[in-house]
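Undergrad: As a plain string of letters, each chain reads:
There are 2 protein chains.
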Amino acid sequence: MSIRVGIIGAGPSGMAQLRAFEAARKQGAAMPEITCFEKQSDWGGQWNYSWHTGIDGAGESAHSSMYRHLWSNGPKECLEFADYTFDEHFGRPISSFPPRAVLFDYISGRVEKSDVRKYVRFNTAVRWVNYDEATEVFTVESQNVKTGASETHVFDKLVVSTGHFSVPNIPEFEGINTFPGEIMHAHDFRGAERFAGKDLLMIGSSYSAEDIGMQAHKMGAASVTLSYRSSPMGYDWPSSTVERPLVTLFEGRTAQFSDGTSGEFDAVILCTGYLHKYPFLPSTMTISSSNVLYPGNLYKGVVWQQNTNLFYLGAQDQYYTFNMFDAQAWFARDVMVGKIEIPTAEDRSADISRWLERQNALKGHDEESDFQTDYVRELINATDYPEFDLDSVNALFKDWMRHKSEDILGYRDQTHRSAITGTMSEPHHTRWINAMDDSLERYLNG
Amino acid sequence: MSIRVGIIGAGPSGMAQLRAFEAARKQGAAMPEITCFEKQSDWGGQWNYSWHTGIDGAGESAHSSMYRHLWSNGPKECLEFADYTFDEHFGRPISSFPPRAVLFDYISGRVEKSDVRKYVRFNTAVRWVNYDEATEVFTVESQNVKTGASETHVFDKLVVSTGHFSVPNIPEFEGINTFPGEIMHAHDFRGAERFAGKDLLMIGSSYSAEDIGMQAHKMGAASVTLSYRSSPMGYDWPSSTVERPLVTLFEGRTAQFSDGTSGEFDAVILCTGYLHKYPFLPSTMTISSSNVLYPGNLYKGVVWQQNTNLFYLGAQDQYYTFNMFDAQAWFARDVMVGKIEIPTAEDRSADISRWLERQNALKGHDEESDFQTDYVRELINATDYPEFDLDSVNALFKDWMRHKSEDILGYRDQTHRSAITGTMSEPHHTRWINAMDDSLERYLNG
Ligand SMILES: Cc1cc2nc3c(=O)[nH]c(=O)nc-3n(C[C@H](O)[C@H](O)[C@H](O)COP(=O)(O)OP(=O)(O)OC[C@H]3O[C@@H](n4cnc5c(N)ncnc54)[C@H](O)[C@@H]3O)c2cc1C
Ligand SMILES: Cc1cc2nc3c(=O)[nH]c(=O)nc-3n(C[C@H](O)[C@H](O)[C@H](O)COP(=O)(O)OP(=O)(O)OC[C@H]3O[C@@H](n4cnc5c(N)ncnc54)[C@H](O)[C@@H]3O)c2cc1C
Ligand SMILES: NC(=O)c1ccc[n+]([C@@H]2O[C@H](COP(=O)([O-])OP(=O)(O)OC[C@H]3O[C@@H](n4cnc5c(N)ncnc54)[C@H](OP(=O)(O)O)[C@@H]3O)[C@@H](O)[C@H]2O)c1
Ligand SMILES: NC(=O)c1ccc[n+]([C@@H]2O[C@H](COP(=O)([O-])OP(=O)(O)OC[C@H]3O[C@@H](n4cnc5c(N)ncnc54)[C@H](OP(=O)(O)O)[C@@H]3O)[C@@H](O)[C@H]2O)c1
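These protein sequences, in sequence, are chains A and B.
If you read the first sequence in the numbering used here, its first letter stands for residue 201, the second for the next number, and so on.
If you read the second sequence in the numbering used here, its first letter stands for residue 201, the second for the next number, and so on.
These are computed hints drawn from the structure, not numbers from a lab.
Which copy? The list can't say, so a pair holds if one copy fits it or any two copies do.
Below, computed lysine-lysine pairings styled on DSBU-like, alpha-carbon distance capped at 35 angstroms: (1) K346 <-> K563; (2) K418 <-> K276; (3) K398 <-> K418.
Please build the complete structure, drawing on both the sequences and the hints.
TA: Rendered as C-alpha cells:
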C-alpha cells in the first residue's frame, strides 16, 4: 500500500512539498496518496493577496498579511528555486526586487506546470488532528469553509505548512483601548494611501515596521514614528521619520515614550510580529516558539522529535524562503519514503541541541545569514535537490543588508546576479520610491 | 451517575444555562457534572467589550462586536430576567436604555450571586466535537488559547451557546479591493470619534447600520450614507443622512449606487450582518441558516432534531434576548434531566414545521414580535421559569418601534414600565444625543 500523506496549507511550503513528490515521480518513484488542505480558494499562502482583514469572506481568519505596493524586501536571487529559475519562468531578465504579483506568478507557474493542483482541496480548513500511537495513523477533521461540510481523513504522514506570519501578536498598552484614531496590526494593513498627511505611529522595529513606515512615507504621510522595544533599526531615515523607545501610555491621541518624549498620532500600526499558532493541533504536536531561526524540537528543523511521522515546513524565521522550503520538502519527502534514515531519538536530540547552541551564540545579522545558509546546505546535501552556490547567496544577503543601511529608500533599485543561472538582473524601469503601480502588467510591460 | 453536561460559550445564553441548573439545585435537584468552555478571559459574550478587532490578544478571532458608546437599542424592560430584576440588582429605578457597561453589570451580577463561576474554564476554546452514536457520548477537544494546552472531554449532553453575531458576513463589491479609505465590518467598529468631519458609507439596512450611522452623526460625521439591498429603513434621519440603494461599483473613493447616483467616501462600514458559523462542529450537528426568528431543525428552537442530546441556545434572531435565553435554558435543562419528555421525531418535526410555516407568513415587525412572544411563552409554560406578563412586553416592543419611527435620535430618551416589578424607569440625566460618557459610574452617579 502506498503511504497516505496529508499536507496542511498550500502556501509556498505546501507547494514545495507537492513539487518534491512530483519531481520524484518524474524520475520513476511511486506517488503516495496525497491530500493537501488549503482553506483559501487559491494557493500561494501569504502571496495570495486579499483585501479582507480580520475575518474573510468565508468567516475564516484572513490569512495573508500582504498589502498593495508590497515589493520583495530581499533580492529575488536569494529565494530563487534551484529547479525552476526566473529565466525559465519569465524568459528574460527582470529586476531584483519585484512586487508581490510578480513573485506570486513565479511560484504559481512552477506548480501549474507540475500538474499538482489536483491534490489540493481548496476552501477546506483543517479543524483538528489526532494521532493514534498504536496504529501510527493521523485522523484529520476538515471542513469546507463555505458549505460547512466536514470530513474525516486518515494519513500515515502529516505535513504542517500553515505558515507563522499570519496570526498577529498583539500586546497591550495602557490607554490603547480609548485611543480615538485607527489601530491595526500590520497583518491588517492593506495600503498607506489614506495616511497621506497623517501622523503615524508604528510599534515594532523589524521588517513590517520598516516597510510599512517607508510605504507610508512614499504615500505622503506627514510623519512616521517608529517605537522599539529592544533596539532602534538605525537606518538613515527620511527627515519626517524618527525612532523612539517603547510607548508607555496612550492618553487620547497622545502617546508617551519611555524616554519622556511624546507625540500626537492619527493612527497606530502594531508591527509587533506574529504567533506560532496551531489551533488544529493537540499540544503534544505543537511548536511553541517565538519567531527564531531554529525553533526547538524539530530534527533538521523539519521532523517532529516525538513523532517522526509529523513534519513542519517553513517554521523558521526566514532569510531564505522559497528555496529553503524546497530543501525542507525534499528532505521530508525522503524521510517519508524511507530514503533518508532517521537516527535514534538521542542522536536527533543531540543534533537539535547543536543547532540550538549555535543559534544562542549568534551575534548580528551576518552571523544569522551564515547560520541559515549552513542549515539549508545541510538539507540540500541530504537529497537530490539541485545544488547551487549557497556561498554566493549568503554574500548577497550581506550586500543587501549593507545596501539597506546605506539607503533605506533605494536598496530595491540595486541589481544582483543569480547564483543559479548567472543572469544579472535588469534595473527596473522605475525607481521604487516613484513606482506607484505594482501590477504584473506594469512591471513587465513598463 | 450524574449526567455530564458540556456548555460551549459563557455569553448570556451559556450563563442562563448555568443559572438554570443552579436554580434547580437550590430547590433540591441534583447538580450534573458541568463544564462550560469560554474562549475569552471573562464571561458576558458580546457584552464583554474589548478594543481588539479581527484577531485578539490570544490569536483568536475577536468575539465581541460591541463598541464604545453602545447603548441598549431596545428597552431594558423587554430583556429583564424574571428571576433577577433590575430593581434587585440596582436597588433603584434606572433608565430604559442603559449603556453596555450597565447591562454587563446586570447580567454578571446574577451569575456572580449564583456561585457558578467555578464551572467555567476561561481562556479555553472548543476546537472540535465528535459524537459517538453507539455510546451516545460527545467528545470535545478544547485548547487553552494562551498556552495551547489541549484536553479531551466527554459529555452526555452538549449545549452550543456561542452566539451568531460574531463572525461577520462580508460580501464582495466590484472595486472594493482598491478603495483607498478605511473599510471595516460593523464587527470591527469600536467608536466613531475618528469619523468627525468624514463622509461615511454604511452598507446594510438593519440595527448595525442604523446605530453606527447615528453614532457617527452624534460624533460629528460630515455625512452618513446608508446603502440598502432590500429596502430602506425609512427613518426620519438627520439632514446629513441619506439612504441609497445598493452599491454597484467602487472606483477609487467613489461609490456608484444602483439608482445612478454616486458619492465620495472616506470610509466604508459593512453592516451586512453575521454568519451562523460553528467551526468546531461536524456538519451533521451544525445549524445552516441565515439570521431568522426560527432556524430550522431545532425542536422548540433548542433541541437538535437528529440528536436530542444536543442543544442550541440563542440561535434565533432576537427581539427577546436575556429572558428568552433563560426560557430556552430552563427548557434544555428539563429535557436533559428527563423532566420534560421529548416527543417522537415525527411529532418534533411537525412542531418545527408549524413554526416554520408561521414564520414564512410573517409580515412586518409587529407580527415578528407577536411570533417571538408566543415562542417564549410556550417555553416558559413548559418549565418552572417565573411567569411574567409577556403581552405587556410585546406591547412594549411595538411602542418602541413606533418611537423609533417618530424620532430615531430620541427613542432612547423614552421611559417604560417593568412587566415584572411594575417599576417605571427613570428618565436618564442626559439625553442620548448629548451623552458622551457611557461608563457605569457616570450613568449611575450622574
Ligand atoms: C507581510 C509579509 C511580507 C513578506 N514578504 C516576503 C518577501 O518579500 N520575500 C520573501 O521571500 N518572503 C516574504 N515573506 C515571508 C513568507 O512567510 C514566505 O514568503 C512564505 O509565504 C511562507 O510560506 P508558507 O507556505 O510557509 O506559509 P504561508 O505563505 O503563510 O502559507 C500557509 C498556507 O496555509 C493555509 N492554512 C493555514 N491554516 C490552515 C488550516 N487550518 N487549514 C488549511 N489551510 C490552512 C493558509 O491559507 C496559507 O495558504 C513575507 C511575509 C509577510 C507576512
Ligand atoms: C453589536 C451588537 C449589539 C447588541 N446590542 C444588544 C442590545 O442592546 N440589547 C440586547 O438585548 N441584545 C443586543 N445584542 C444581541 C446579543 O446577541 C445578545 O444580547 C447576547 O449577547 C447573545 O448571547 P449569546 O450568549 O447567545 O451569544 P454571545 O453573547 O455572542 O456569547 C457567545 C460566547 O461564546 C464564546 N465562544 C464562541 N466560540 C467559542 C468556542 N469555540 N469555544 C469557547 N467559547 C466560545 C464567546 O467568546 C462568547 O463569550 C447585540 C448584539 C450585537 C452584535
Ligand atoms: N516584503 C516586504 O516588504 C515585507 C514587509 C513586511 C514583512 N515582511 C516579512 O514578514 C515577516 C514578519 O516580519 P515582522 O516585522 O512582521 O515580524 P518580526 O520580524 O517577527 O518582528 C517583530 C517585531 O515586533 C516587536 N515586538 C514584539 N512584541 C513586542 C512588544 N510587546 N512590544 C513592542 N515590540 C514588540 C519585536 O521587537 P523585539 O526586537 O524587541 O523582539 C520585533 O521588532 C518577515 O519574514 C519579513 O521579512 C516582508
Ligand atoms: N445595541 C445596539 O445599538 C445594537 C447595534 C448594532 C447591532 N445590534 C444587534 O446586533 C444584531 C445584528 O444586527 P445587524 O444589523 O448587524 O445584522 P442583521 O440584523 O442581521 O442585518 C443584516 C443587514 O445586512 C444586509 N445584508 C446582508 N448581506 C448583504 C449584501 N450582500 N449586500 C447588502 N446588504 C446585505 C441585510 O440586508 P437585507 O435586509 O437585504 O437582508 C440586513 O440589512 C441584532 O441583534 C441587533 O439588535 C444592536
